[in-house]
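Start from the sequences, fold in the hints, and give me the full structure.
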Amino acid sequence: MSARLGLAARAAFTLLLVWLVLYPILIVVRDAAEPDALAAFVSRPGEWRVLWASVWISVASVALAAAIGVPLAFLFEWLEFPGRKTLGSLIALPAVLPPFVGVIAFLFLYGESGFVARAIQRLFGLAQPPWRLQGAAAILLVHAYSMYVYFYLFTRAGLAKLDASLLEAAQALGAGRWETLRRVTLPLLRPSLTGAALLVFMTAVGSFSAPYVFGGGFRVMTTQIVATKLNGELPLAMVETVALALVAVLGFALLRRTEGDDILTALGKGTAPRRRPIRRAGVRTFATTAGWVLAVVLLLPHLTLVLVSLVPYGTWTTETLPPVLSLVNYQRLFSEAERLRPLVNSVWMAAASTVAAVALALGAGMLVGRRRPWQFRGPIELLLALPWALPGTVFALALLTTFSKHDPLMLRWVLVGTTVLLPLAYLVRNLPVTGRAVLAGYRQLDPALDEAAASLGAGRWATFRRVTLPLLKPALAAGGSLAFVAALGDFVTSIVLYTPDNRPISIEIMSSLRVSELGVAAGFGVILMVLSAAVLGVGVRR
Amino acid sequence: MSAFVRLDGVRKQWSHTVAVGPLSLEIPRGEILVLLGPSGSGKTTVLRLLGGFETPDAGRIEVAGEDVTAVPPARRRCGMVFQHYALFPHLDVGENVAFGLPERGTSDPKVAEVLALVGLAGFERRRVQELSGGQQQRVALARALAPEPRVLLLDEPLSNLDPSLRERTRRELRALIKRVGITTMFVTHEQEEAFDLGDRVAVLHAGRLEQLATADELYEHPATLFVATFVGRANVLRGKTAQVFGAGPGQVLVVRPERLALADAGVPGVVRERRYTGAAAFYLVETELGDRLEVLARPEAARVGDRVYLEAVRVLAFPEERA
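Residue numbers (our numbering), protein chains in the order written: chain Y, 1 to 542; chain Z, 543 to 865.
Keep in mind the hints are simulated off the structure, nothing from the lab.
Check the hints yourself; a few may be wrong.
If you want the footprint, here are the derived chain Z segments under chain Y, 3+ residues with CB under 8 Å [what the hints assert, rightly or not]: (1) 611–623; (2) 630–644.
Ranges between beta-carbon positions, derived for each pair [to be verified]: (3) Y:Trp-413 to Z:Glu-608: 50 to 60 Å; (4) Z:Gln-625 to Y:Glu-80: 40 to 50 Å; (5) Y:Ala-290 to Z:Ser-581: 50 to 60 Å; (6) Y:Ala-3 to Z:Glu-828: 37 to 47 Å; (7) Z:Ser-581 to Y:Gly-6: 23 to 33 Å; (8) Y:Ala-3 to Z:Arg-602: 58 to 68 Å; (9) Y:Ala-3 to Z:Glu-608: 18 to 28 Å; (10) Z:Gly-572 to Y:Gly-6: 48 to 58 Å; (11) Y:Gly-417 to Z:Gln-625: 58 to 68 Å; (12) Y:Met-410 to Z:Gln-625: 46 to 56 Å; (13) Y:Glu-80 to Z:Pro-644: 30 to 40 Å; (14) Z:Glu-714 to Y:Gly-6: 36 to 46 Å; (15) Z:Arg-668 to Y:Glu-80: 30 to 40 Å.
Looking from chain Y toward chain Z, a few residues come up when the C-beta cut is under 7 Å (computed) [as the list claims (entries may be wrong)]: (16) Gly-457; (17) Gly-459; (18) Pro-470; (19) Pro-474.
Treat the numbers as computed from the prediction; the structure is a model and nothing was measured.
Glycine is no exception: its CB is placed at the ideal position from the N, C-alpha and C atoms.
In structure tokens:
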């Protein structure tokens with residue numbers, strides 16, 4: 001490819017990304033600049049309360065997730081006890097629960113008519129359920145459960161990269177165990193910890209399912225935006241969207257600044273410290289028991305879903321455990337074509353958006369993936385990552401506004417009400433995942449391999465097909481499966497953009513819940529969970 | 543001798559301060575030419591220009607009388623062995639070697655032929671990750687030779703091997719290249735490797751060709767001060783000390799350690815260090831002017847602390863360069 005053609009291709013690609021990712025946001029910003037709406041936002045104290053709720057819930061989620069995830073990571077990485085390996089992989093299980101499915105599992109389990117509440121009510125003969133799972137505490141409980149995994153996985157990865165000789169050096173210089181932890185281990189873990197904090201913060205700011213189901217009167221910005229939009233106050237919804245986007249971007253920038261470089265990789269590989277067996281029998285028994293109890297607690301939501309999915313409609317009323325179990329929900333699901341529609345819809349939309357997101361990422365990789373100072377490299381990488389820094393609600397609203405108007409000269413078409421808009425939103429939301437995976441894959445390729453292929457007579461296309469693509473396969477599979485699973489379980493954008501013709505699974509679960517078809521809702525949840533686990537199991541292998 | 547490879551006024555500008563060339567050189571058919579120079583001297587750039595991985599800003603490159611300056615690497619028919627070998631990790635040994643063959647099948651008799659040539663017969667189905675460094679280097683060589691290229695390019699292919707293995711490998715490598723009879727350009731920063739492998743050696747410094755000659759010629763008759771000091775051990779003398787050894791005004795002297803002798807009369811000095819190497823010993827002698835000179839002599843010629851006199855058997859004189 002000649003230099004000029006390459007430049008043109010990169011410019012065109014950048015423009016495509018601008019249109020897809022940045023343009024809708026700019027339109028929201030413009031629409032938000034309406035004096036009435038701005039005045040309404042500024043003058044209503046409720047708005048500020050909601051915005052503040054988004055901030056403190058997110059910060060608290062980070063703290064809680066770290067408090068659970070980091071000690072667990074140390075426990076599993078540094079100590080040896082019976083069952084460590086099995087438990088260590090079980091502990092990442094919340095990851096296969098799509099957010100909305102996790103939320104309804106919590107509802108069935110810890111909700112006021114969930115198993116735990118029923119059991120306690122029965123046990124103590126209470127007239128009322130012992131608690132209502134509602135408000136900030138409920139949201140934080142769900143967040144802690146689903147987000148500690150990030151801290152756990154990141155910290156374990158960081159600890160595994162740690163060179164044992166660094167810790168030994170500290171000890172040889174007279175530092176005790178605590179001092180070593182404080183002065184060596186934790187500073188070296190900083191990139192891992194801030195990386196996890198970043199991920200948790202962004203997820204929590206954009207979290208919709210938990211506040212939607214458990215919020216009750218307690219609102220955060222994501223749910224507030226959807227409520228305002230349903231109220232018909234679209235301009236105000238735009239202002240709220242921009243406010244939420246600002247909080248997200250601010251948090252992103254702040255955490256990014258403290259992340260720092262990955263100093264561990266810069267130093268090169270060492271051998272991780274050897275795991276210390278727990279010597280005292282009592283402590284060992286305690287650790288093992290606690291570990292298994294934890295695993296059961298972590299698994300309970302999954303089990304609950306399975307159990308509830310086996311309850312036929314109307315057979316479970318006041319009993320602690322459902323009296324009748326059968327496969328009737330699944331039978332109906334797979335025998336009535338109309339009931340299976342949402343599954344078909346979700347699968348095709350997730351597949352189409354994933355293919356497109358992988359293709360775009362591959363395009364970016366081909367254009368700017370190599371370790372060279374390309375023009376447009378910065379903008380392309382930034383645009384690919386941008387959807388990650390913004391909550392799903394923001395993008396849903398932005399695409400909704402942008403594509404509700406026919407103005408081809410401004411590159412706007414009416415897509416609202418068509419089945420394309422939702423997969424388009426999935427695509428945009430998944431660009432960071434596939435982009436990151438593919439660009440990282442490209443960066444790991446040795447440029448000498450390309451030159452070797454060229455020196456052996458392979459042209460550009462042959463080199464791509466015979467060398468680049470096979471080597472990128474793991475990155476493509478990983479990025480693709482993560483994107484597919486995210487799209488499959490999406491609730492945030494779906495609730496804003498779905499039409500009767502492309503109702504996805506999550507919306508079907510919600511409406512089943514509304515008409516108290518708990519078994520059907522749980523059945524869909526189980527299907528989502530199994531599909532997600534299967535796709536991740538195949539795609540994300542080391 | 544007619545040139546098979548010809549670089550004519552080739553120049554590549556990297557930045558305002560870093561450039562290679564203009565540089566001209568010719569390689570006759572079947573010769574092994576070694577590019578020798580310190581890191582940053584531009585030797586790898588010259589190799590990559592010939593391979594087509596870089597395009598020159600000026601000048602002309604010819605192979606077998608054909609102007610290949612604008613020909614992309616894929617059609618240049620230059621086999622290349624990369625510094626880290628660049629073996630395709632997703633292919634096995636046989637598939638790597640067959641990569642450049644038109645049929646691409648590992649059943650191509652050529653695969654077995656070149657693998658046998660490098661002493662790896664029967665390695666077709668092995669994974670490249672299982673091979674030792676030396677074996678990887680030989681697979682890379684077999685892969686480069688399989689499509690029967692016109693020129694073989696080697697970019698420091700021995701730098702990743704153990705020192706003990708390196709010496710044996712370079713003798714085998716030379717024998718193999720000579721058996722194939724292919725015109726070769728070899729890049730290294732090690733003088734010993736250059737002398738062992740090359741028919742002729744081109745010394746590069748700061749993007750310029752300092753001298754192109756046989757090993758003996760380079761050592762005995764270096765064209766520049768840089769060549770004199772980069773090739774072989776050398777004492778560089780300036781100012782008063784140089785004059786003592788017979789330098790004219792504005793001249794720098796280079797004296798090889800074996801060209802200095804511990805004599806009964808001459809330039810006086812004191813032995814500060816002695817480094818024993820078996821057959822001989824290196825003596826570090828400090829003269830009264832404060833210079834420290836390295837002298838190669840018999841192991842029992844002197845002891846540390848002895849007063850000695852230095853006599854130069856042969857000195858090389860160069861004009862003082864303005865920095």
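Could you check the structure against the hints above and give me the numbers of any it violates, in ascending order? 6, 8, 10, 13 and 19
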